[in-house]
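Just need the whole structure built from these sequences, with the hints factored in.
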Amino acid sequence: MTPPSARAGSIVIAAGVLLALQLVAQAPIPNTPAGQTLQAFFDAFNSADSAKLATYIKDYDPTVTVGQLLAFSGQTGGFTLLSIKNSAADKIVFLVKGKSDNIEALGNLQLATTAPPRVKVLTIRAIPSGATIDDIVLTSALRQQTIQAISARLTDFYIYPDGAKQMIQAVQEHEKRGDYDAMKDGNEFADALTRDLRAVSHDKHLFVRYNPFATKEQPGIEGPHPPSAAEIARYRARLEHDNCSFSRVEVLPRNIGYIKFGVFADPDICGPTVAAAMAFLAHADAMIFDMRDNHGGDPAMVQLVVSYLFREPTHINDMIDRHDNTTRQYWTLPSVPGPRFIGKPVFVLTSSQTFSGAEEFTYDLKTQKRAIVVGEVTGGGAHPVHGMPAGDHFVIGVPRGRPVNPITKTDWEGAGVSPDVKVPANDALAEAQKLAEEKLLNK
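This note's numbering puts the first residue of the sequence shown at 1, with every later residue one more than the last.
Hints are computed from structural coordinates only; laboratory data are not their basis. Among the hints, erroneous ones may be present.
Said to hold, decoys possible - Estimated spans, in silico, between C-beta atoms of each pair:
| hint | residue 1 | residue 2 | range |
| --- | --- | --- | --- |
| 1 | E240 | P33 | 52 to 62 Å |
| 2 | Q145 | A170 | 12 to 22 Å |
| 3 | D156 | G414 | 15 to 25 Å |
| 4 | D420 | K443 | 12 to 22 Å |
| 5 | E438 | D179 | 26 to 36 Å |
| 6 | Q148 | D420 | 43 to 53 Å |
| 7 | K176 | D266 | 23 to 33 Å |
| 8 | L333 | D420 | 21 to 31 Å |
| 9 | R177 | T139 | 17 to 27 Å |
| 10 | P313 | D156 | 29 to 39 Å |
| 11 | L252 | A170 | 46 to 56 Å |
| 12 | Q329 | D90 | 44 to 54 Å |
Unchecked claim - Within a straight-line C-alpha distance of at most 20 Å, the following computed SDA-like cross-link-like pairs (lysine to any residue) qualify:
| hint | residue 1 | residue 2 |
| --- | --- | --- |
| 13 | K99 | R236 |
| 14 | K58 | S47 |
| 15 | K165 | H202 |
| 16 | K97 | Y235 |
| 17 | K97 | T132 |
| 18 | K120 | V66 |
| 19 | K91 | F42 |
| 20 | K97 | A131 |
| 21 | K369 | G343 |
| 22 | K439 | I372 |
| 23 | K120 | D43 |
| 24 | K409 | T367 |
| 25 | K91 | G35 |
| 26 | K344 | E250 |
| 27 | K91 | I57 |
| 28 | K422 | Q353 |
| 29 | K409 | R322 |
| 30 | K97 | Q39 |
| 31 | K439 | D285 |
| 32 | K97 | I232 |
| 33 | K97 | K58 |
| 34 | K58 | P33 |
Where is the CB? At the ideal position from N, CA and C, for every residue including glycine.
Encoded structure:
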C-alpha cells in the first residue's frame, strides 16, 4: 500500500517515490508571485529548520506538514536549481538536479487565485531513465481521451463496480457542464479529476497524475515500462541511505523499547534492518512502535514486522483482488531472523497522518489484542492501489483490492483505526510510556 500523493499542493515524484528536498537555488528566479513563492519554498528547505518550514506552510501551503517536509530532506542531499523552463505570474516550471544522486527532476508550481497567493500545485518529478520532457498544453480532444481511458480503467479494475459507475457518471457530468474546458495544464486537470473522483468514492488511495515525459516504446509492453537496472539500483541505494526509513531505535527509561520508521519498505532490501532493530530491543520489557508519521508501504513488510510479535501462526489479514477474483491470506511467518518479542506489552502510536500499510499494522495488532493503540484516529486508507496508464500523458491509481480482517470481517477504509487511548498525536509517546510503566509495575 502506498500512501496518497496526487492531491493539490502535494509534492510528488515519479514511480510513487516522494521527493521534496533541501534546495539550493542557483538559476535566477523571476520576481513574480509564483517565483516569490518558489523562492520561499527553496529558502525553507535550505534552512532545514522546523520553524522556517512551519512558517512556509502557514503562509503558502497548509496541505503539507513539517514532518513530511523534514522527512524528505535527506533523500538526494539537496537540489540545485538548473533552469526556469516556463514562467507566468501564477505558474513556474523549473528543472532541478539532486546534489548527491545527480538525478534531474522537473518541477511545477501553480498558485491558487487567492489573496495572498497559496500553493495550488507543487510537483517535483524525477525524469525517468531514457525519457524526455514532453510537457504539453491540453486540448479538448486530449481531455476527452483521458476521461475515456480513466473510465475504462475504473470499469475493469476498481474494487467496487457500482462505485466505478458512480465516479464515471460524476466526471462525465463535470465534462458536460464545461468544468474542465479552461484547463490547459496537465497537473491542474489531474488534480481536478482526482478531487471529483474522490468526492464520490471517498477513496484516499485513488488518484490521477499527469505525466510530463515521453519514453521510447517497447513492443509488447503496455503502460509504464519496468524499472531499469539503474533505477532499481538507485531505489536500493536510497533505501539504504535512509536506513530504510528507521529514524529512531532506542531504549527509553524503565527499559521500554522504541521504534520509529516512516515506511514499510521492501523486505527483500530492508528485512535486515528490521532484524537488527528487533535484536537490539529484544531484552526490552515493553515495546512502542511509532506510526505517527508512517504512510504505508509493502504488505509483505507489514507481515514481517507483525510476525516478530506472535509465537504461534496467526491469521492477520486477507486481501481480495476484484479483477483477478482471488483472495490471498496473510499469516504470521513461521520463522523470522533473530528473536521474537513475545509475552511483553506492545503499544502503537498513531496520528491522523498514519495511513495505508501503517494502518494495517495497527489494525492487525489491535484486532488480535496484541497491542494498545495510543493517539488519534488514523487516515482511513485501506485499498491497495495500482498505477495504470490512462491515455498518453496520464496515470490513474486504481484501488483494485480490499483487505478483510479475519476477526472483524471488514477493514478501516474511510473510518480509520480508532485508538484504545485517544490523545493528541503530540502527547501519544508520553502517554504510552506512562501506560507501559504502569503495566510493568503491576506485573
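So, going through the hints one by one against the coordinates:
Our hint of 52 to 62 Å for E240 and P33 is violated, since their Cβ atoms are close to 40 Å apart. In this structure the hint that Q145 and A170 lie 12 to 22 Å apart at CB holds, the actual value being about 18 Å. Taken as a hint, the range 15 to 25 Å holds for the pair D156 and G414, whose Cβ atoms sit roughly 23 Å apart. For the pair D420 and K443, the beta carbons lie near 18 Å from each other, so the given range of 12 to 22 Å is met.
The given range of 26 to 36 Å is broken by E438 and D179, whose C-beta atoms sit roughly 56 Å from each other. At about 47 Å, the CB distance of Q148 to D420 agrees with the hint of 43 to 53 Å. The hinted window of 23 to 33 Å between K176 and D266 is violated, with their beta carbons roughly 44 Å apart. Separation of L333 from D420 is about 26 Å and conforms to the stated range, judged on CB atoms against 21 to 31 Å.
Roughly 19 Å separates the CB atoms of R177 and T139, a value that falls within the hinted 17 to 27 Å. Judged by the Cβ atoms, the range 29 to 39 Å given for P313 and D156 holds: they are separated by roughly 36 Å. Taken as a hint, the range 46 to 56 Å holds for the pair L252 and A170, whose Cβ atoms sit roughly 49 Å apart. Between Q329 and D90 the C-beta distance comes to about 51 Å, which sits within the given range of 44 to 54 Å.
Under the criterion of a C-alpha separation no larger than 20 Å, the hint pairing K99 with R236 is consistent with the structure, at around 18 Å. Distance restraint check for K58 and S47: the Cα-Cα separation of roughly 16 Å lies within the 20 Å cut-off, and the hinted pair is therefore satisfied. Under the criterion of a C-alpha separation no larger than 20 Å, the hint pairing K165 with H202 is consistent with the structure, at around 14 Å. Between the alpha carbons of K97 and Y235 the distance comes to roughly 17 Å, so the proposed pair stays at or under 20 Å and holds.
Simply put, K97 and T132 have alpha-carbon atoms about 15 Å apart, close enough for the 20 Å limit, and the pair holds. This hinted pair checks out: K120 and V66 have alpha carbons roughly 18 Å apart, not beyond 20 Å. At roughly 16 Å between alpha-carbon atoms, K91 and F42 fall within 20 Å of each other, so this suggested pair holds. With a C-alpha separation of about 15 Å, the suggested pairing of K97 with A131 holds against the 20 Å cut-off.
For the hint linking K369 to G343, the alpha-carbon distance of about 12 Å falls within 20 Å, and the restraint holds. For the given pair, K439 sits about 11 Å from I372 by alpha-carbon distance, which is consistent with the 20 Å threshold. Pair hint K120 plus D43 holds up; C-alpha atoms about 19 Å apart against a cutoff of 20 Å. Using a Cα cut-off of 20 Å, the hinted pair K409 and T367 holds, with the two alpha carbons roughly 11 Å apart.
Between K91 and G35 the alpha-carbon distance is near 8 Å, which keeps this suggested pair within the 20 Å criterion. About 17 Å separates the Cα atoms of K344 and E250, which keeps this hinted pair within 20 Å; it holds. This hinted pair checks out: K91 and I57 have alpha carbons roughly 18 Å apart, not beyond 20 Å. Distance check on the hinted pair: K422 and Q353 sit about 15 Å apart at the alpha-carbon level, within 20 Å; holds.
For the proposed pair K409 and R322, the alpha carbon gap of about 17 Å is at most 20 Å, so the pair holds. Of the supplied pair hints, the one linking K97 and Q39 holds, its CA atoms being roughly 16 Å apart against a limit of 20 Å. With a C-alpha separation of about 10 Å, the suggested pair K439 and D285 falls inside the 20 Å cut-off, and the hint holds. With a C-alpha separation of about 19 Å, the suggested pair K97 and I232 falls inside the 20 Å cut-off, and the hint holds.
A hinted pair counts as satisfied when its Cα atoms are at most 20 Å apart, and K97 with K58 does not qualify at roughly 27 Å. Distance restraint check for K58 and P33: the Cα-Cα separation of roughly 16 Å lies within the 20 Å cut-off, and the hinted pair is therefore satisfied.
In this structure, the earlier hints numbered 1, 5, 7 and 33 are contradicted, and the remaining ones agree with it.
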